[in-house]
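Q: Sequence:
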Amino acid sequence: MPTDHRRIIGPENTVPYRLYTKLNSCSFSEKFNQAVKNGIRPDGRKLNEHRKIFMKCGVVSQAKGSAYIEVDKTKVIVSVYDPREIPKKTDYSLKGELYCEFKYAPFSCPKRKLHQQDAEEKQNSAILKRALESVVCRHEFPNFQVDVYVMVLENDGSALSTAIMGAGLALAHAGIPMYDIITATTLGIQGDVKLLDPTLMEESLCNVAVPNSTNNEKEYSNHGILILSMLSTHQQVSKFYQTGNLDLKDLNESIDILATATKDIVPLIKKCLVKSVTKNVKENAED
1 MPTDHRRIIG PENTVPYRLY TKLNSCSFSE KFNQAVKNGI RPDGRKLNEH RKIFMKCGVV
61 SQAKGSAYIE VDKTKVIVSV YDPREIPKKT DYSLKGELYC EFKYAPFSCP KRKLHQQDAE
121 EKQNSAILKR ALESVVCRHE FPNFQVDVYV MVLENDGSAL STAIMGAGLA LAHAGIPMYD
181 IITATTLGIQ GDVKLLDPTL MEESLCNVAV PNSTNNEKEY SNHGILILSM LSTHQQVSKF
241 YQTGNLDLKD LNESIDILAT ATKDIVPLIK KCLVKSVTKN VKENAED
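By UniProt numbering, the letter at position 170 of the sequence shown is numbered 170, and the numbering carries on one by one without gaps.
Source of the hints: derived by calculation from the structure; they are not laboratory data. A virtual CB, placed ideally from N, CA and C, is assigned to each residue, including glycine. Treat the hints with care, since some could be wrong.
[Stated by the list, open to error] Restraint ranges, calculated between C-beta atoms of paired labels, are given here:
1) 267 <-> 48: 15 to 23 Å
2) 153 <-> 271: 16 to 24 Å
3) 275 <-> 87: 30 to 38 Å
4) 275 <-> 62: 16 to 24 Å
5) 267 <-> 137: 19 to 27 Å
The whole structure should be built from the sequences, with the hints applied where relevant.
A: Given below as structure tokens:
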């Protein structure tokens with residue numbers, strides 16, 4: 001798709017200031033040791049500790065349902081609109097469909113994003129759709145489509161899992177029939193170190209393949225990013241996404257860590273929904 005020249009996208013040839021910071025002048029091992037020093041991360045968290053979460057419903061007045069969610073510096077806003085007929089569809093569908101659009105704001109990432117969707121955003125939209133399809137009762141609105149729009153206002157890691165949680169919260173706020181509450185978490189792995197809810201810097205460190213120095217053959221240590229979304233009451237996995245290379249043993253341990261982390265988020269979502277319902281009841285009683 002051609003670039004829209006009516007929008008100001010900034011200069012093409014620039015040098016990021018991060019190249020001159022102390023962290024970028026270090027080797028990879030020094031960077032990782034600084035990121036994980038004595039089991040404590042730069043923000044003071046332990047390896048298996050999740051960042052603080054803030055949630056709020058009803059932030060977009062034009063939408064049927066909406067949610068705003070913060071995971072420390074990662075900020076995501078989700079809008080859900082009323083079901084409408086599936087466009088350009090001739091045959092009758094017994095199940096409704098979900099249209100999911102995942103988009104980074106131009107100023108949300110270290111590298112400025114264009115207003116068109118790039119390959120990463122399209123992939124995240126597909127992952128978001130597959131995660132939500134198993135939680136929404138699509139047979140309740142046959143031949144209709146529910147639109148879900150996700151806008152990442154600031155990306156400091158774990159943006160996709162935050163978007164899945166925000167989308168589930170927005171769907172519940174919109175009154176869309178659902179089987180259960182959906183929660184999602186992210187895990188970064190580099191060697192024997194597992195980082196729950198990694199930041200953007202930690203994600204970049206976990207995506208690097210480091211060769212093992214003990215083996216003569218060209219083998220790489222375990223590394224990658226795992227995203228798990230679950231239905232809390234049914235204890236079912238709605239979506240699992242992985243990048244990188246992992247052993248089966250480490251994969252099983254990582255799934256257990258993610259499953260435990262998703263359970264801890266459920267009370268926060270329930271509290272946010274109860275607060276929203278209570279507020280609506282009080283407003284209707286006053287009217």
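Q: Work down the list of hints and note, for each, if the structure agrees.
A: Status of each hint after checking the structure:
Hint check: residue 267 to residue 48, Cβ distance near 18 Å, so the stated range 15 to 23 Å holds. Between residue 153 and residue 271 the beta carbons are some 23 Å apart, a value that agrees with the proposed interval 16 to 24 Å. About 35 Å separates the C-beta atoms of residue 275 and residue 87, a value consistent with the hinted range of 30 to 38 Å. Judged by the Cβ atoms, the range 16 to 24 Å given for residue 275 and residue 62 holds: they are separated by roughly 21 Å.
With their beta carbons about 23 Å apart, residue 267 and residue 137 fall inside the hinted range of 19 to 27 Å.
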